[in-house]
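Novice: Residue-level listing of the chains:
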Amino acid sequence: GNSVTQMEGPVTLSEEAFLTINCTYTATGYPSLFWYVQYPGEGLQLLLKATKADDKGSNKGFEATYRKETTSFHLEKGSVQVSDSAVYFCALSLSGAGSYQLTFGKGTKLSVIP
Amino acid sequence: DSGVTQTPKHLITATGQRVTLRCSPRSGDLSVYWYQQSLDQGLQFLIQYYNGEERAKGNILERFSAQQFPDLHSELNLSSLELGDSALYFCASSVGTTPSGELFFGEGSRLTVL
Numbered sequence: 001g002n003s004v005t006q007m008e009g010p011v012t013l014s015e016e017a018f019l020t021i022n023c024t025y026t027a028t029g030y031p032s033l034f035w036y037v038q039y040p041g042e043g044l045q046l047l048l049k050a051t052k053a054d055d056k057g058s059n060k061g062f063e064a065t066y067r068k069e070t071t072s073f074h075l076e077k078g079s080v081q082v083s084d085s086a087v088y089f090c091a092l093s094l095s096g097a098g099s100y101q102l103t104f105g106k107g108t109k110l111s112v113i114p
Numbered sequence: 115d116s117g118v119t120q121t122p123k124h125l126i127t128a129t130g131q132r133v134t135l136r137c138s139p140r141s142g143d144l145s146v147y148w149y150q151q152s153l154d155q156g157l158q159f160l161i162q163y164y165n166g167e168e169r170a171k172g173n174i175l176e177r178f179s180a181q182q183f184p185d186l187h188s189e190l191n192l193s194s195l196e197l198g199d200s201a202l203y204f205c206a207s208s209v210g211t212t213p214s215g216e217l218f219f220g221e222g223s224r225l226t227v228l
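First to last, the protein sequences are chains A and B.
Its first residue numbered 1, the first sequence is counted upward by one per residue in my numbering.
Its first residue numbered 115, the second sequence is counted upward by one per residue in my numbering.
Hints were generated in silico from the structure; no laboratory data involved.
Check each hint, because a few of them may be wrong.
In silico negatives: residues of chain B with every beta carbon more than 10 angstroms from chain A [unchecked claim]:
1. V118
2. P122
3. E196
Pairs of lysine-lysine, BS3-like flavour, derived with a Cα cap of 30 angstroms [unchecked claim]:
4. A:K106 <-> A:K56
5. A:K109 <-> B:K123
6. A:K56 <-> B:K123
7. A:K52 <-> A:K68
8. A:K68 <-> A:K109
9. A:K60 <-> B:K123
10. A:K109 <-> A:K60
11. A:K60 <-> A:K77
12. A:K109 <-> B:K171
13. B:K171 <-> A:K68
14. B:K171 <-> A:K52
15. A:K68 <-> A:K56
16. A:K68 <-> A:K106
17. B:K171 <-> B:K123
18. A:K109 <-> A:K52
19. A:K52 <-> A:K77
20. A:K109 <-> A:K77
21. A:K56 <-> A:K77
22. B:K171 <-> A:K106
23. A:K106 <-> A:K52
24. A:K77 <-> A:K106
Yeah, the Cβ is synthetic: ideal placement off N, Cα and C, and Gly gets one too.
I would like the entire structure built from these sequences, with the hints used as guidance.
Specialist: Structural data, given as structure tokens:
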């Protein structure tokens, strides 16, 4: 079946540190890949996406590259801020028979301290 | 604000009871998805409806059912509740069923079963 594995948290970083959250996937076919973010008390919101191999998604200083050869979609940011504290979910989607499902990783909680 | 509205935000009930969670999708979105978020299982896809019809089923228990009404709002019914059903239930919506599309999540309904 399809699955997403992301690094266990929590991750605690100082402001302006470099962030990497690893994500690897298993899927039959060619999935689209996503990073969603969940701020405290809120629902998930899309952070960035990539729909084919070698695509780079980017938003708000975050970026991730779809690596088919390593089945990975690692999230990076060069300099984190306190406001980036949230739970980050890696996800994939595959369509089939007119349906569209997102399969999520378990989430990685990031805390950024001043 | 994602435009997806879920009610109630919090619900406390007893084992064996039945509850209904309600979701209003974003204006114009035809697909509604239900997800369950728990500490041990992470985010699990339950079910998807598209324009009133069931489109995909995930890890939804037989005690749970859902429907999407002609005005496109959706309800998730949970019956014979057990302690393990305590979780955050998210509704999400999207315009269609394409894999490159974005899901818009509500803020969730937190169910506590005592």
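Novice: Which of the listed hints are broken here?
Specialist: 1, 6
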